[in-house]
Amino acid sequence: MSGRLFQRRRDGRVEVRLNEIGRAVVRDAAERIVRAERGEDGWSSSLRLPIVPERDDDDPLRILERDAAVTTQAELVRVTVDEALLSADEAWAWLVTLQVALRATADETGLVGDDEWGRAEAGVRERVEGLQMLLWSLADCL
Amino acid sequence: MATGTRTQREGTSVAVAERSRPTARETWDVVVWNDPVTPMKVVVVIFKRIFGYANNRCTQLMLTVHHEGRAVVWTGARERAESYTAKLQAAGLRATVERSGE
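The listed protein sequences derive, respectively, from chains H and E. Taken in order, the first sequence gives residues 1 to 142; the numbers are from the working numbering. Taken in order, the second sequence gives residues 1001 to 1102; the numbers are from the working numbering.
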């Protein structure tokens, strides 16, 4: 993955310049999030943080609002992962899905601070940096 | 006597109403927390999309999160604060709601 990975066009759409490896990273992120929402992946706990920590239970409507948004965005990424051009809303879904995946990866691997980042295994660093590279490039287009 | 009692009751109800009024107007903060992996640029884009703030304000809030570990990004009624927090969490940021002034 080199050069600009995403490019905003004059008509407002975002051109996807990822190779198959890059698209596989995006597809994997979306699929893991969908599985996590069903409770079938280790990312589940990262996706279910408390909204109001001082209360024992969050408002079910807010939980539904959050979980539905996460799943809808990830599903949208799954169906657009092979597209050459994304609408602004599709590009937003890609951005937040990759960001959710990045944070879940950090939580799963214990990357909670700079010290842990310094001690992280090469494979974990590579995965995190890959997601960051995609996010940097995509954020430039939004 | 009767008048006195009535006045006392009225006084009590006024006192109760005044005690409960501040609770009804209580404000809540939406707090975004720092994490070591999220790119700064992404935080700015998310703030802009969810709150509609200007670029400068989004950048300033992002820098506060980065340097101080957290930033209050919105203050107001509890329901809206929770809704904004749900949106921020769905966008992959670490966000919570707390009473203003805590």
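Among these hints, one or two may not hold up.
One-sided and incomplete, this derived list gives chain H residues near chain E with beta-carbon spacing under 7 Å [to be verified]:
#, residue
1, Glu-65
2, Val-100
3, Thr-109
4, Gly-113
5, Trp-117
6, Met-133
7, Trp-136
Derived list of chain H stretches under chain E, where covered just means 3 residues or more per stretch with a C-beta under 8 Å from a C-beta of chain E [to be verified]:
#, region
8, 25-33
9, 46-60
10, 69-79
Since the hints were derived computationally from the structure, they do not count as laboratory data. What you are looking at is a predicted structure, and each value in this text was computed from that prediction instead of being measured. Every residue gets a Cβ at the ideal spot worked out from N, C-alpha and C, and that includes glycine.
Next on the checklist: Taking the earlier hints as the rules, which of them does this structure contradict?
Outcome noted: 3, 6, 8
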